[in-house]
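Asks: As a plain string of letters, each chain reads:
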Amino acid sequence: GNSVTQMEGPVTLSEEAFLTINCTYTATGYPSLFWYVQYPGEGLQLLLKATKADDKGSNKGFEATYRKETTSFHLEKGSVQVSDSAVYFCALSQTSGSRLTFGEGTQLTVNP
Amino acid sequence: GAGVSQSPRYKVAKRGQDVALRCDPISGHVSLFWYQQALGQGPEFLTYFQNEAQLDKSGLPSDRFFAERPEGSVSTLKIQRTQQEDSAVYLCASSPKRTGGYEQYFGPGTRLTVT
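Chains as they are written, first to last, in the working numbering: chain A, 1 to 112; chain B, 113 to 227.
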């Protein structure tokens, strides 16, 4: 079956530091890949997505590249802000199906 | 426009009670999903509707869990004879598409605590 593995958290960084959150997946075929973010007290929001190999998703300074050869979709940001503090979830869905399969989430705290 | 709404936001139930959780999806969205999120974990799929048809209920953990969407809009997740292990946040999501690979829009969730 499908599965998503994220790097263990929590992650604590200083403002303007570089961020990487690792995500690898197991799936048949060519799933679509997503990063969702959950800010404190809010619902899950889509941050970015990629639907085929070598696609790069980007939004709000965050980027992730769909790497089929390494089955990875690592999230990066060059300079984090305090407002980026949240829980980040990597997820996948099969085109032929509909459900999202999530990783366990990574708590990010950015200190001023 | 209005997003996905869920009610109640918080529910405390005594073990053995029945509960009903409501989801109002974005108007016109064809697909509706329920997920269960345990503390410190990622959401896990429960069930999926396309309009009023429940196409996948493979994630429902037991026959105490039941979901419906009778008119293809509002959905209700019902849990009978609640147990402590049912304590979790229940998330509803909707999508304008019928197939995967598209964004799902999530509600704020209902936090269920079974005492």
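Don't read these hints as lab results, they were simulated from the structure. Using N, Cα and C, we set each Cβ at its ideal position, and we do this for glycine too. Worth double-checking, as some hints may not be accurate.
[What the hints assert, rightly or not] Okay, derived cross-link-like pairs now, DSS-like style, lysine-lysine, Cα gap no bigger than 30 Å in a straight line:
#1 52/A / 190/B
#2 169/B / 190/B
#3 126/B / 209/B
#4 209/B / 56/A
#5 68/A / 52/A
#6 123/B / 52/A
[To be verified] Derived, one-sided and incomplete: chain B residues facing chain A with beta-carbon distance under 7 Å:
#7 122
#8 153
#9 155
#10 218
[What the hints assert, rightly or not] What follows is a list of derived Cβ distance ranges for each label pair:
#11 53/A / 163/B: 30 to 36 Å
#12 83/A / 115/B: 42 to 48 Å
#13 78/A / 176/B: 34 to 40 Å
Asks: All hints, please: hold or fail.
Replies: Going through the hints against the structure:
1. 52/A / 190/B: 37 Å, violated
2. 169/B / 190/B: Given that 30 Å is the threshold and the Cα spacing comes to 13 Å, the pair holds.
3. 126/B / 209/B: 38 Å, violated
4. 209/B / 56/A: It holds: about 22 Å lies between the C-alpha atoms, which stays within 30 Å.
5. 68/A / 52/A: 8 Å, holds
6. 123/B / 52/A: 40 Å, violated
7. 122: Violated, about 13 Å.
8. 153: 6 Å, holds
9. 155: The hint holds - residue 155/B has a Cβ within 7 Å of chain A, the shortest such distance being about 5 Å.
10. 218: 4 Å, holds
11. 53/A / 163/B: 30 to 36 Å: 33 Å, holds
12. 83/A / 115/B: 42 to 48 Å: Once the Cβ atoms are compared, 20 Å apart, the range 42 to 48 Å for residue 115/B and residue 83/A is violated.
13. 78/A / 176/B: 34 to 40 Å: 48 Å, violated
Comparing the model with each earlier hint shows violations of hints 1, 3, 6, 7, 12, 13; every other hint is respected.
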